[in-house]
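Heads up: the sequence lines are chains E and G, in that order.
In this text, residue positions in the first sequence follow our numbering: the first is 569, and each later residue adds one.
In this text, residue positions in the second sequence follow our numbering: the first is 64, and each later residue adds one.
Quick caveat, the hints were computed from the structure, so don't treat them as lab data.
All values reported here derive from a predicted model rather than from experimental measurement.
We put the CB at the ideal spot given by N, CA and C, even for glycine.
Be careful, since some hints might not be right.
If you want a taste of the chain G side facing chain E, the calculated C-beta under 8 Å gives, among others [what the hints assert, rightly or not]:
hint, residue
1, F81
2, D85
3, G90
4, S92
5, I324
6, H411
7, F413
8, M418
9, N471
10, K474
11, G475
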Amino acid sequence: MKTIQDIQEDIVNEFSLLDGDQEMTVLYIMELGQKLPDMDEAKKSEENTVRGCQSKVWLSAHLENDKVYFEADSNTALTKGLVSLLLRIFSGQSAENILATDLNFISKIGMERFIGTQRSNGFSAMIKQIKLYALAFKTKMEVKS
Amino acid sequence: MSVSTLSQLDIQKIRDEFPVLDQKVNGKSLVYLDNAATSQKPKRVIEKLTEYYEGYNANIHRGIHTLAEKATKAYEDTREAAREFLGAEHVEEIIFTRGVTECINLVASCYGSLIHEGDEIIIAELEHHSNIVPWQMLCERKGALLKVIPVNDRGEIELETYKKLLSNKTKIVATNHASNSLGTINPIKEIIQLAHAHNAVVLIDGAQSAAHLPIDVKALDVDFYCLSSHKMYGPTGVGVLYGKKEWLEKMPPYMGGGEMIKDVTFEKTTYNDLPYKFEAGTPNIADVVAFAEAIAFVNELGKENIHRYEAELLSYATGKLSKIEGIKLIGTAREKVSVLSFVIEGIHHFDIGQMLDARGIAVRTGHHCTQPLMERFGIEGTVRASFAVYNTKEEIDSLAEGLTRIINFLKG
């Protein structure tokens with residue numbers, strides 16, 4: 569399995585082909601969003617909802633062989649595309665690695681405004697939620713051992 | 064500087080007055096179509112702010128030195144300009160606030176003190192949250208009842224239902240002159256007359272009309288009229304509340320503090336005369352002073368010219384967008400200000416807004432602070448393009464191109 573940093577670099581390289589063109593970047597992310605399979609309606613529960621003002625994100629996580637796996641969806645294509653990138657990076661990684669990650673690809677692909685103070689999308693809240701899940705699983709494993 | 068006094072507006076010349084318009088956003092020329100949220104500011108407004116701070120910044124009204132006198136005069140000159148702009152009879156009927164939201168809260172709070180349990184307040188389904196929540200709060204405080212006039216499928220107020228809602232229990236009717244979400248122009252003259260026949264007072268939220276439609280509070284016989292400077296080419300943080308003198312005199316003050324008093328002892332305070340009774344504390348002097356330039360800008364262009372040109376833009380945009388498959392216009396009232404709201408089936412408004420932004424086009428997306436209205440149309444939100452006098456048909460072409468592209472991409 570590739571490390572988180574490797575995957576981030578892959579993503580940055582892929583986006584570099586778009587030459588910083590904002591429109592192409594947005595379209596490409598939306599396309600990624602369209603490709604991400606829809607989440608089970610049952611999993612789009614209140615509990616799994618990460619709220620933004622205009623776009624919603626649903627996120628669920630489970631532990632399998634000491635790795636954290638995520639499933640996610642969004643009601644908007646752009647957020648869903650960004651979400652799919654996060655899944656690509658984090659799903660299947662260990663809780664420690666997730667917690668230790670410096671998420672730097674977002675600003676490198678010109679999408680930094682989605683992680684700032686903008687409250688219109690659930691994306692930045694989702695990043696926090698991913699780390700919270702990792703922390704919870706890590707704590708759970710430590711208690712068991 | 065006068066931009067144009069002719070009936071044919073020179074749009075390029077007008078655009079040159081707005082420094083912010085001349086820039087690239089995401090590598091593309093900015094197309095600013097979010098004017099219903101806030102309009103851009105002409106140079107003369109920006110320069111006035113600088114002139115004030117560099118030339119005669121001082122606290123107003125009680126100063127005896129030259130700067131204080133100059134600042135007071137400039138501040139009061141704006142009041143006179145606002146009086147004339149609204150067609151009010153007395154200058155003391157003009158109260159400066161922070162914006163329409165504060166105007167409505169002031170009336171709901173102060174005129175609201177005259178409201179009793181069982182009284183009724185009527186608003187319409189197309190109000191902005193700022194013309195809903197203050198009345199809900201008042202009703203809760205007083206045990207009064209809030210009634211809502213529905214709108215039809217075009218987004219027009221149902222006058223027949225309004226007539227039925229009116230009774231001798233009705234004390235206040237509050238609605239907007241034009242809807243921020245749909246652009247609907249409401250028949251306020253008729254609304255006011257009908258309310259007065261039941262001895263109810265009427266507050267008109269003029270946030271979306273001030274820069275676009277002629278206003279004459281005297282001819283309308285309206286009791287309260289509110290506007291925001293920042294939606295009519297002026298600075299943020301300034302609102303104007305017009306109120307009929309007879310009501311303002313009956314109303315208790317809004318906030319207590321300096322400026323609004325005549326004499327203060329620990330036993331008793333006597334309040335200042337109108338309009339100062341409602342202007343506690345040091346006001347937003349600089350922005351009020353600069354607001355006069357925005358009023359002059361609108362006056363010089365002429366409301367009728369502005370409205371005619373914007374109507375042309377709206378009709379052009381409506382025609383253009385109606386032809387794009389998948390677009391559904393929300394709000395098709397027969398009388399509209401230059402607001403065009405729409406949805407595209409299968410594409411979230413947030414995605415449309417982001418995609419347009421990537422092309423340098425600024426629109427607003429979401430519920431536009433009118434959630435009950437969105438519910439009426441069974442939608443979560445819309446994309447809203449709103450035009451000002453500096454917008455062009457070429458910009459509308461850019462909007463249409465952007466929309467076509469996103470539809471082809473996401474649905475193709």
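(request) Return the status of the interface hint for G90 (chain G): holds when the least beta-carbon distance to chain E is below 8 Å, violated otherwise. (result) This hint holds: G90 (chain G) lies near chain E, its Cβ roughly 6 Å from the closest one there, short of 8 Å.
(message) Less than 8 Å between beta-carbons is the criterion; does D85 (chain G) satisfy it with respect to chain E?
(response) Check failed: Cβ of D85 (chain G) comes no nearer than 19 Å to chain E, outside 8 Å.
(message) Just to be careful: measuring from the Cβ of H411 (chain G) to every Cβ in chain E, is the smallest value less than 8 Å?
(response) holds (4 Å)
(request) So, K474 (chain G) near chain E? Judge it on the closest CB pair being under 8 Å. (result) violated (10 Å)
(message) Is the interface hint satisfied for M418 (chain G)? The criterion is a beta-carbon contact with chain E at less than 8 Å.
(response) OK, holds: M418 (chain G) within 8 Å of chain E, min 6 Å.
(request) With a cut-off of 8 Å on the beta carbons, see whether F81 (chain G) makes it to chain E. (result) Since chain E brings no Cβ nearer than about 23 Å to F81 (chain G), farther than 8 Å, the hint is violated.
(message) I324 (chain G) was flagged as interface toward chain E. Is the shortest Cβ-Cβ separation under 8 Å?
(response) violated (40 Å)
(message) Quick check on the hint: F413 (chain G) CB to chain E CB, less than 8 Å?
(response) Where the cut-off is 8 Å and the nearest Cβ of chain E is about 4 Å from F413 (chain G), the hint holds.
(request) Using Cβ atoms only, decide whether G475 (chain G) comes closer than 8 Å to chain E, and label the hint accordingly. (result) This interface hint is violated because 11 Å lies over the 8 Å limit.
(request) Please verify that hint: S92 (chain G), Cβ, nearest Cβ of chain E, below 8 Å or not. (result) violated (13 Å)
(request) May I ask you to test the interface hint for N471 (chain G) with respect to chain E, counting a Cβ-Cβ separation under 8 Å as satisfied? (result) violated (11 Å)
Of the numbered hints listed earlier, those contradicted by the structure are 1, 2, 4, 5, 9, 10, 11.
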